[in-house]
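Chain residues, written in single-letter form:
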Amino acid sequence: MGLTSSSSGRGALREKIAADNKDGLPVVALAGNPNVGKSTVFNALTGLKQHTGNWSGKTVSLASGRGKKRDLVFVDLPGCRSLSPASLEESIARDALIRGEYSAVIAVVNASGLEASLALALQVLALTSRAVICLNLIDEAEKHGTRIDVRLLSKRLGVPVIPCTARSGRGLGALEKAVREVIARPESGGNAAYRAFLPPVDGGEAAERAAIACLEECSRVLDGAIKTENVEKRSLTERLDRAAVGKYTAFPVMFLLLMLVFYITLIGANYPSELLYSLFSRLETLVFRALCAVNAAPWLRDALVFGMLRTVFRVVSVMLPPMAIFFPLFTLAEDLGYLPRAAFCLDRCFRACGSCGKQALTVSMGFGCNAAGVVGCRIIENRSERISAMLTNSLVPCNGRFPLLITLVSVFLFKSALGASPLVSAAALAGLICFAVAVTLGTTKILSKTLFRGESSPFLMELPPYRPPKLVPLIIRSVLDRTLRLLVRAVAVAAPAGLVIYAAANIPAGGGTLLSSFCALLDAPARFFGLDGTILAAFILALPANEIVLPVILMAYTGGGALGEAMGGAELLSLLQSNGWTLKTACSVMIFTLFHWPCSTTLLTVKKEAGGVKWMLLAFLVPTVVGLVLIAVMNGIWSFFAPGMY
Amino acid sequence: MEKCGDKGPIGLNELKQGQRARIERVLAQGDLKLKLTELGFFAGEPVQKTLVSPLGDPAAYLVRGSITAIRNADAALVRVLPTERQGV
Numbered sequence: 067m068g069l070t071s072s073s074s075g076r077g078a079l080r081e082k083i084a085a086d087n088k089d090g091l092p093v094v095a096l097a098g099n100p101n102v103g104k105s106t107v108f109n110a111l112t113g114l115k116q117h118t119g120n121w122s123g124k125t126v127s128l129a130s131g132r133g134k135k136r137d138l139v140f141v142d143l144p145g146c147r148s149l150s151p152a153s154l155e156e157s158i159a160r161d162a163l164i165r166g167e168y169s170a171v172i173a174v175v176n177a178s179g180l181e182a183s184l185a186l187a188l189q190v191l192a193l194t195s196r197a198v199i200c201l202n203l204i205d206e207a208e209k210h211g212t213r214i215d216v217r218l219l220s221k222r223l224g225v226p227v228i229p230c231t232a233r234s235g236r237g238l239g240a241l242e243k244a245v246r247e248v249i250a251r252p253e254s255g256g257n258a259a260y261r262a263f264l265p266p267v268d269g270g271e272a273a274e275r276a277a278i279a280c281l282e283e284c285s286r287v288l289d290g291a292i293k294t295e296n297v298e299k300r301s302l303t304e305r306l307d308r309a310a311v312g313k314y315t316a317f318p319v320m321f322l323l324l325m326l327v328f329y330i331t332l333i334g335a336n337y338p339s340e341l342l343y344s345l346f347s348r349l350e351t352l353v354f355r356a357l358c359a360v361n362a363a364p365w366l367r368d369a370l371v372f373g374m375l376r377t378v379f380r381v382v383s384v385m386l387p388p389m390a391i392f393f394p395l396f397t398l399a400e401d402l403g404y405l406p407r408a409a410f411c412l413d414r415c416f417r418a419c420g421s422c423g424k425q426a427l428t429v430s431m432g433f434g435c436n437a438a439g440v441v442g443c444r445i446i447e448n449r450s451e452r453i454s455a456m457l458t459n460s461l462v463p464c465n466g467r468f469p470l471l472i473t474l475v476s477v478f479l480f481k482s483a484l485g486a487s488p489l490v491s492a493a494a495l496a497g498l499i500c501f502a503v504a505v506t507l508g509t510t511k512i513l514s515k516t517l518f519r520g521e522s523s524p525f526l527m528e529l530p531p532y533r534p535p536k537l538v539p540l541i542i543r544s545v546l547d548r549t550l551r552l553l554v555r556a557v558a559v560a561a562p563a564g565l566v567i568y569a570a571a572n573i574p575a576g577g578g579t580l581l582s583s584f585c586a587l588l589d590a591p592a593r594f595f596g597l598d599g600t601i602l603a604a605f606i607l608a609l610p611a612n613e614i615v616l617p618v619i620l621m622a623y624t625g626g627g628a629l630g631e632a633m634g635g636a637e638l639l640s641l642l643q644s645n646g647w648t649l650k651t652a653c654s655v656m657i658f659t660l661f662h663w664p665c666s667t668t669l670l671t672v673k674k675e676a677g678g679v680k681w682m683l684l685a686f687l688v689p690t691v692v693g694l695v696l697i698a699v700m701n702g703i704w705s706f707f708a709p710g711m712y
Numbered sequence: 406m407e408k409c410g411d412k413g414p415i416g417l418n419e420l421k422q423g424q425r426a427r428i429e430r431v432l433a434q435g436d437l438k439l440k441l442t443e444l445g446f447f448a449g450e451p452v453q454k455t456l457v458s459p460l461g462d463p464a465a466y467l468v469r470g471s472i473t474a475i476r477n478a479d480a481a482l483v484r485v486l487p488t489e490r491q492g493v
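Protein chains in written order, with my numbering: chain A, 67 to 712; chain B, 406 to 493.
Please note that a few of the clues may not be correct.
[Said to hold, decoys possible] FRET-style restraints, in silico, Cβ to Cβ:
no.: 1; chain 1: A; residue 1: Ala279; chain 2: B; residue 2: Arg427; range: 15 to 23 Å
no.: 2; chain 1: B; residue 1: Pro451; chain 2: A; residue 2: Ala258; range: 26 to 34 Å
no.: 3; chain 1: A; residue 1: Ala258; chain 2: B; residue 2: Leu486; range: 31 to 39 Å
no.: 4; chain 1: A; residue 1: Val679; chain 2: B; residue 2: Arg427; range: 50 to 58 Å
no.: 5; chain 1: A; residue 1: Phe321; chain 2: B; residue 2: Gln422; range: 52 to 60 Å
no.: 6; chain 1: B; residue 1: Gln422; chain 2: A; residue 2: Asp289; range: 25 to 33 Å
no.: 7; chain 1: A; residue 1: Ala250; chain 2: B; residue 2: Arg490; range: 51 to 59 Å
no.: 8; chain 1: A; residue 1: Ala272; chain 2: B; residue 2: Gly449; range: 15 to 23 Å
In short, the hints are calculated from the structure, not lab data. Just so it is clear, CB atoms sit at the ideal spot from N, CA and C, and this is done for glycine as well.
Construct the entire structure; sequences and hints are all you get.
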């Protein structure tokens with residue numbers, strides 16, 4: 067569920083390979099079920115930073131890369147159950163295999179779940195004789211007491227069968243060797259007897275018969291070739307599942323894990339944020355001096371340094387550290403196999419609101435970054451459920467909005483310095499997050515009754531065994547795949563936004579600046595919702611990156627021409643109060659921070675993923691309307707129960 | 406849907422946690438039926454209910470070495486004959 071490259075859909079394979087294969091090298095496709103570790107095999111073969119996950123439907127886009135000896139190109143086909151043309155992923159895999167755009171195929175199967183995963187391998191063998199079967203996760207199978215007669219299997223199937231454990235690198239050399247030998251052989255067109263196992267295009271009963279015949283053949287092939295010594299010891303997965311999905315423990319475990327992730331993110335991000343901040347201040351001075359030295363025009367110099375550069379630095383120093391911590395933690399939970407369990411536990415709640423448990427995963431992804439959460443919605447099969455999950459994803463706060471929430475909570479509710487004790491902040495955040503999740507569920511329910519009426523799709527989800535991830539590649543992958551990609555996008559939008567904000571704050575207009583006139587214009591409508599013109603203007607200007615809402619507000623209040631330095635708690639409180647902020651204003655701003663239009667990156671992602679400007683507009687409107695309604699309700703309750711209290 | 410008597414087939418969801426059974430027939434239709442079939446849920450296959458979600462729905466079933474979560478309403482369409490009296 068990473069922000070992987072955009073190419074998906076039919077015909078993408080050829081283009082994709084062409085980019086990696088200018089020298090006309092032999093192409094080797096990897097096919098396999100979800101959860102058999104296919105992407106891990108691919109990573110081990112290519113050393114590429116492609117993300118692998120522990121639940122179905124991960125690789126929607128195709129990854130390709132050269133082998134370590136640079137003489138083969140490997141392509142990671144989407145994980146699928148069978149070669150039926152039913153879903154997008156499966157049809158990509160099917161088309162690629164049927165058109166024969168490869169020199170060989172590696173069919174990756176799960177050694178500890180051969181009865182099911184061999185089915186796809188048989189379908190591959192129906193299409194080509196140039197195939198190798200990779201018996202992945204052989205360590206796991208041996209640990210469970212499963213003994214596999216590899217020679218017998220290979221004899222029955224007529225192709226090489228190579229036991230592997232991609233995670234530790236075991237068997238990969240033999241796998242590559244077998245692939246080279248297979249490529250050297252002539253193609254004899256696949257096993258005719260297996261043709262009947264290929265699912266017919268029109269589906270229906272014929273497809274069911276083909277599926278049954280295929281699985282029964284699997285049993286025949288495995289008969290006598292696989293022995294399981296009865297190890298009646300409870301496996302690690304069973305023991306962990308007692309806590310992870312236990313009747314009384316599941317939700318406390320989930321809440322504690324969530325708290326833990328936020329706690330680690332908050333305390334872990336504090337120090338690097340400060341470090342980056344002071345580093346960037348020095349860098350800013352250096353660039354300023356350099357521009358002075360080359361006699362740059364003062365207006366250009368100031369716009370570049372105090373406008374563009376300062377905004378970019380501010381966004382990066384606030385955004386990078388929490389993301390660099392949150393995403394590896396999230397990836398860890400994903401690779402361990404905990405996330406499918408969380409979806410399993412939460413399905414009931416989400417189903418009651420017309421969605422499914424998988425939305426819980428995209429919601430928690432949204433805590434890191436809503437754009438990433440929107441991409442993550444690919445795992446939801448039903449189209450209306452998927453789009454509804456995209457539209458509601460920004461109802462949970464992302465890392466970019468946490469700092470503002472924490473500041474408001476600590477300054478107004480606890481009257482303490484900025485960055486109160488991390489534990490208090492984490493608890494306050496957890497409260498706000500529970501509120502945001504409740505609003506997400508409510509909004510999903512409303513959408514399912516209005517925009518997305520219709521049958522909910524069946525929810526079938528595999529629960530893979532827990533698997534210990536490899537930490538170093540995990541960190542590298544999540545930082546490269548998620549954090550850096552997002553950072554690049556954020557910088558790309560923060561730089562022009564910095565220029566616009568600087569211009570607005572410095573171009574004179576109507577007695578003040580463009581910014582002050584803009585704020586004055588917005589004042590009347592904003593007051594109606596308990597905000598003021600400056601706050602609303604800041605949220606509008608912060609469309610590219612929510613991180614700069616507070617800096618823009620402070621800049622406007624102090625009449626400065628550029629984003630200012632960070633302030634202490636007491637100083638901040640008195641500045642805000644002198645500009646008419648009350649506790650009620652702070653609460654309104656907090657609600658608006660939680661629920662307003664998503665950032666431009668998220669909006670563009672929705673347009674791409676949902677396929678239409680219409681959905682992008684709805685992604686803008688839905689959270690905004692929710693926020694305004696909630697603020698109005700809060701103000702109503704407030705003036706009814708505590709009219710005099712501010 | 407069939408009436409489940411004492412000895413007749415029951416819905417997969419009615420198994421106790423840990424209880425094993427053999428699939429008699431699958432009453433599901435269309436897409437759901439095909440997906441279930443591909444996962445190994447068809448007549449004659451042994452199945453075990455392994456996990457129940459904390460809110461009682463969905464539950465997870467072991468078939469052909471892999472565990473799949475299915476909602477109770479869908480699982481009720483898979484009719485099974487228990488091969489063990491009690492769950493583990």
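Taking the hints in turn, this is what the structure says about them:
1. A:Ala279 - B:Arg427: 15 to 23 Å: holds, 19 Å
2. B:Pro451 - A:Ala258: 26 to 34 Å: Once the Cβ atoms are compared, 31 Å apart, the range 26 to 34 Å for Ala258 of chain A and Pro451 of chain B holds.
3. A:Ala258 - B:Leu486: 31 to 39 Å: holds, 37 Å
4. A:Val679 - B:Arg427: 50 to 58 Å: Because 53 Å falls inside the window, the suggested range holds.
5. A:Phe321 - B:Gln422: 52 to 60 Å: 24 Å Cβ-Cβ, so the 52 to 60 Å window is violated.
6. B:Gln422 - A:Asp289: 25 to 33 Å: holds, 30 Å
7. A:Ala250 - B:Arg490: 51 to 59 Å: Roughly 58 Å apart at Cβ, these two residues keep to the hinted range, so it holds.
8. A:Ala272 - B:Gly449: 15 to 23 Å: holds, 19 Å
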